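Peer 1: All chains, please: the whole structure from these sequences, using the hints.
If you want the building blocks of each chain, they are given just below.
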Amino acid sequence: MLKRLITSREALLVGAIGLLLILISTRFSGFAAPSNLANVFNDTSPLILLAIGQMIVILTKCIDLSVAANLALTGMVVSMVNVAMPGLPIIFIVAIAIGLGALLGMFNGILVWKLQIPPIVVTLGTMTIFRGIIFLLSDGKWVNSHEMSPAFKAFPRAEILGLPVLSWIAIFAVIVFGIVMTRTTLGRAFYAAGGNPHAATYAGINVGKTQFWAFTISGALAGLTGYLWVSRFAVAYVDIASGFELDVVAACVIGGVSIMGGIGTVAGALLGALFLGIIKNALPVVDISPFWQLAISGGAIIIAVILNAQANRKKGRIILKQAEQAS
Amino acid sequence: MNTTVRSIPDRLRSPFEQRLKSWESLLLLVAIAIFVANSFASPYFLNAWNLSDATFNFTEKAMIAFAMALLIISGEIDLSVAAIIALASTAMGAAVQMGVGTPGLVFIGLSVGLLCGAFNGILVTGMGLPSIVVTIGTMSLFRGISFIVLGDQAYGGYPASFSYFGQGYVWWVISFEFVLFAIIAVIYAVLLRKANFGRAVYAIGNNPTGAMFSGIRVQRVKFILFLLTGLMSGIAAVCLTARLGSTRPSIATGWELEIVTMVVLGGVSILGGSGTIVGVVIAAFVMGLVTFGLGLLNVPGIVMSIVIGGLLIGVIALPRLWTMWRSR
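Going line by line, the protein sequences match chains W and L.
The opening residue of the first sequence carries number 1 in the numbering used here; numbering runs sequentially from there.
The opening residue of the second sequence carries number 328 in the numbering used here; numbering runs sequentially from there.
Since the hints were made in silico from the structure, they are not lab data.
Keep in mind that this is a model prediction, so the values were computed, not measured.
Don't be surprised by glycine CBs; every beta carbon is placed ideally from N, CA and C.
Be careful, since some hints might not be right.
Derived SDA-like pairs: lysine to any residue, alpha-carbon spacing no greater than 20 Å straight-line [what the hints assert, rightly or not]:
no.	chain 1	residue 1	chain 2	residue 2
1	W	Lys61	L	Gly402
2	W	Lys141	L	Val630
3	W	Lys61	L	Leu598
4	W	Lys114	L	Arg655
5	W	Lys280	W	Gly30
6	W	Lys141	L	Gly628
7	W	Lys141	W	Ala84
Derived coverage of chain W by chain L (criterion: at least 3 residues anywhere in the stretch with Cβ under 8 Å from a Cβ of chain L; other residues may be distant) [as the list claims (entries may be wrong)]:
no.	region
8	121-128
9	243-256
10	281-292
11	302-311
Peer 2: Okay, here's the thing in structure tokens:
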């Protein structure tokens, strides 16, 4: 039991993150201070939220490349709602964000479930469609800080017990989805639908419907993050979080989520996101140009996917595959 | 996930009927319809030079789309093509600063494309990794290297003779790029339809295990396909760089989406196993005409991307909706 815990993917990642922190501390000792780490966590919170949603989608053998566009569209809509009705309580804004995000996710899900269109095609398409809709809604204009109401901007920064609300939402999501994925029927259905779709069907799980719910959850989390993003940075425009979907997929792959479906944990997604977040925050501190970040996340994805394949290969269930490699 | 029941019909349709009802002829109708609509919508459309300009909207992307079509038929995908363009273009830009001449630049562009393709190929076929994640990774990696090299700078100063590849005309309004596009299209059509290699690609896409037992070296064929896709991206990088006359790390951003759309619109099954080059050629014209027509009507680029995204989903969704409605 203990051995399994130590050699697990999550333990490996915790070790890697620890090593990373030590390395950074040798160049800049203040980085590992608790207050700075709290800042890094807060900065990584949007990535954590999206990575949890993406993990659930990938578990069911799908992929959601539209999360960043969903985030941007929802962010723009709630900003425009806020500009039109500055008095609207934040709770409604949050509800609109989650609801709209979930709707956009459902659109992906319906196309995958009912029309059986491959998820990569669906979400590549909706990714550009969502971005285009932002342009149509906003006419390409920005919603700037001074147009947003103070309450709208203050929400993610408000501190509870020393941590901003943004961080608390990420912590809350990790706990809730940690329980959902391990303790509920729906959570186990995600694993079953991706691990072995045929067996899942015979066990009475509607695979398509499960994928639909995965997209809905991913969309809802992207929507929520959309509001948090625009209010935190106090600006909304067409290109916010452009290319962020790659970071999200990277966080999942680094966190040990298998792209073939069925394998992955909330803790893995969390650690994968933190790994990327620490690198992103450390680069300017250790005097490396931020232009390195894209290449580093690309390299991290490739290394992680190689490690994942090595870890899964040991089981050696499929005899034929090995014959294929031998040839 | 997708189990399709293949039934064998009692009587085969006549070849003529088959051709008439094919995806390609439907697409051709759409292309003609868009052409006619465009010529009514804008008085500037039916002008030889304008039409020639319109071909630049798709020639470079279509070159890559041919190789991508083969790759998708074989059941793999390469999302790093646009990033390969960026890296190849950056390498050529760096070479220009060192005073390399036109032949050297072309050689560097093509070699970088081939190397990137080989890198993808080794990861996918040599290590048995899923191509979609590998190429999402290399997409960040290749473009990331461009960003490291260039940052917010740009390379320029390409020699005048180099610009022929992107701006030259072979005869009257027929551009060099268009001729290259046509030649490459013929080569790929013959390769896929007549050569053993092309038949092997279909076999792999339909049933990799069956193909392996038929004596097809599955991994080698796939590796060659990744090489070809890399090489095509290199060629496209030469043309695009020559046409723009400068290199920025953000060059060709988002092209992978348009190229995949072109392939899927051309009737290539995203699940592998079927598709033709003729279809991709017509799809290239359709997309080129749509973007050009909308451009003449002053529709902004990002709105065009809604049309492209809608096309991508629509062309797959509509036939499925149609069969669902008919089987009711």
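Peer 1: Lys141 of chain W and Gly628 of chain L: Cα distance at most 20 Å?
Peer 2: Given that 20 Å is the threshold and the Cα spacing comes to 15 Å, the pair holds.
Peer 1: Within the region 121-128 of chain W, is the number of residues with a Cβ closer than 8 Å to a Cβ of chain L three or more?
Peer 2: holds (count 7)
Peer 1: What's the verdict on Lys114 of chain W and Arg655 of chain L, does the C-alpha distance respect the 20 Å limit or exceed it?
Peer 2: 14 Å, holds
Peer 1: Within the assertion that chain L covers the region 281-292 of chain W, do at least three residues meet a Cβ-to-Cβ distance smaller than 8 Å?
Peer 2: holds (count 3)
Peer 1: Hint check: Lys61 of chain W vs Leu598 of chain L, CA-CA at most 20 Å. Holds or violated?
Peer 2: The hint holds at about 14 Å.
Peer 1: Does Lys141 of chain W pair with Ala84 of chain W here, judged by a C-alpha cut-off of 20 Å?
Peer 2: Holds - the C-alpha atoms of Ala84 of chain W and Lys141 of chain W are around 15 Å apart, at most 20 Å.
Peer 1: Has the given pair, Lys141 of chain W with Val630 of chain L, been kept, meaning a C-alpha gap of at most 20 Å?
Peer 2: Satisfied, since the Cα-Cα distance of roughly 14 Å is no more than 20 Å.
Peer 1: Within a Cα-Cα threshold of 20 Å, do Lys61 of chain W and Gly402 of chain L meet the stated pairing?
Peer 2: 16 Å, holds
Peer 1: Verify the proposed pairing of Lys280 of chain W with Gly30 of chain W, using a straight-line Cα cut of 20 Å.
Peer 2: 16 Å, holds
Peer 1: Count the residues of the region 302-311 of chain W whose Cβ falls closer than 8 Å to any Cβ of chain L, and tell me whether that reaches three.
Peer 2: Since three or more residues must qualify, the claim that chain L covers the region 302-311 of chain W holds, with 4 doing so at under 8 Å.
Peer 1: Please check whether the region 243-256 of chain W has three or more residues whose CB lies within less than 8 Å of a CB on chain L.
Peer 2: holds (count 4)
The structure shown violates none of the earlier numbered hints.
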